[in-house]
Structure formats: structure tokens, C-alpha cells
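Single-letter residue listing:
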Amino acid sequence: MAKAAAKTKAAAAPASVERRPALAGRALSAPGVKVEMLPPAERISLRAPEASLAALSKALGLTLPTKPKTSATKDGRTALWLGPDEWMIIDEAGNDPLADCAKVTALHSAVGISHRNVGISVAGPAAAATVNSGCPQDLSLEAFPVGAASRTILGKSEIVLLRIAADAFRVECWRSFSDYVFTLLSEAAGDAAN
Amino acid sequence: MLLIRCPYCEEERPELEFRNAGEAHIARPTNIAAESDDDFEKFFFIRANPKGVIYERWRHIHGCARFFNAVRDTVTDKFVMTYKAGEPKPAKLPGASK
Ligand SMILES: [Zn+2]
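For the record, the sequence lines run as chains P and W.
Following our numbering, the numbering of the first sequence begins with 1 at its first residue and continues without gaps.
Following our numbering, the numbering of the second sequence begins with 1001 at its first residue and continues without gaps.
Some clues are possibly wrong.
Claimed, not checked - Here are the simulated DMTMM-like pairs of lysine to aspartate or glutamate, each with C-alpha atoms no more than 20 Å apart in a straight line:
#1 Lys156(P) with Glu1015(W)
#2 Lys1084(W) with Glu86(P)
#3 Lys67(P) with Asp1039(W)
#4 Lys67(P) with Glu1010(W)
These are computed hints drawn from the structure, not numbers from a lab.
Modelling step: build the complete structure from the supplied sequences, incorporating the hints.
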């Protein structure tokens, strides 16, 4: 009996639990700007009062920024200020910020959102013009310098925008909006070069 | 596009990031069960709707997500000032003649 069952199992195709990130591998190159999907990353949504910030910063290995529209990066991990008691942590080094926060006893709420979001890279001399095609914020280097981060909108979708270099942005959006966001950025990339 | 100053983001941001959230400084009754129907109607439904300066709640929904208060002129659509939620109604408005 057991032998027969084992035989049937071996014949069937192996079950797959492979995760397929939204729009994985999609990329578009236009003169002056390249739009491409970024590899998966660990992310958390962090809410905490001021009194907990020291303990959380220590656990996460970086100082949580308290100034509006700023971020802090260390060892492949970035903390983005989203609101007076709200941060998004993105870890691209393969470490788990959720596990780091779990050790903290100070009051906080950390929710894993790694697979809720996808990241899109917009890079090149026309990057700001491309993002600005759907985002109404002032993206000049004076108003939105390197390291600046903000929740904002792109067309009809909410995004989180991070400037990683003078001519490069990381656009974070919910995965169900990713087709819309990527397509809008792709269309804009073609226009931005002109 | 209007630029609205968010008191939490400490800068002016495009109006598309904001949402109106109705009249500000409406005190909730402490004992709502004891309210008369007339008083409840006044609290719940009746709004000032002035032609001119109005005190409103706004939310920076696609930004820091905070509620705050704003003083706006309903005729010109000009934002006179904004201030954090919970702060008292400003006694004097900047640039006001009286
Ligand atoms: Zn704000």
C-alpha cells in the first residue's frame, strides 16, 4: 500500500512553491532613462512613538530619521520617513528587519509588507522628468535631494518615492498597481527624452 | 495646482496629496445618549458653510497621512494657514484686517 502511494507520487509533477514577483524582469530603455523592476526585497511598515525610537534604531542597525521627507541607509537597509510615527524599512541585503524588531520590547508595530510592494528603478539623466510626468512634487535637487523620501502619488496610484542618486529614483508601489505604475513610467520615459 | 502647507511635513505640497475632511472644531457631546434630538441634529448634520473664511479638517492622505486643520477662504479658495490637529482655533489670522 505504502509502496503504491510512493510510486504514484513519484510519477506526478513535483509541487511548486516558487514565488513569482509581479512584473519580474520587466525593463524599458529610452534615451536618457531606464525603467526596470527591482529584485525582491524585505520590507516592513513600522509605527512607533518617539520613546521607542532609540531601541528600534539599535535593533535595526540604523538611526530612524525623524525629519520629514528624509531617509537613512546603512548596509543595504533603508529607513524612509513616511509620517511623524511611521517608517518603511527596505532591506536589500537579504536580512529580515521584522525579526530584528521582534526582539524590541519597547512599544511599536512592525508589519511585514515585503510582498505587498514592488520596487521600480527609474535611472538616467531624464529620471526626474519621467517621475514628474505623474508625480506633482518638486523633484529639483534643492527640494528633493539625494536621500529624500516621500509617500506621494503617481497618476492615480499612491507610491513611495526615494531618490537614491541625483539621477536615480526608487519607486515603491503596491503590487496590484505595479502594471499601471510601470506602464505609466514607461510611457513617460519615452516622452521625457524629448 | 494649489499648494497646501502640511504642518507635519513642514512644507507646501501639491493639493493632489490631500483630502478634505469636513468642518473643524466640532466638539463631540460628552454624553451623547442625553442629547436631545435637536441638539444631536445640530452637532451631527448642521455645518456653518460660510461664504468666506472656514475652519476645516484636511488629511495629507497621500503623504504623511496625518489629519490637520486649515483655514481657507471659500470665495478665493486661498489657504490662509494650516495647523496641527488638536491645536486651538487661531485667535488671529495672518493678514486679517480685524
Ligand atoms: Zn504631511
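To see whether the hints hold, each was checked on the structure:
no.	hint	in the structure
1	Lys156(P) with Glu1015(W)	holds, 14 Å
2	Lys1084(W) with Glu86(P)	holds, 17 Å
3	Lys67(P) with Asp1039(W)	violated, 43 Å
4	Lys67(P) with Glu1010(W)	holds, 9 Å
In summary, the structure is inconsistent with hint 3 from the numbered list given earlier, while agreeing with all the others.
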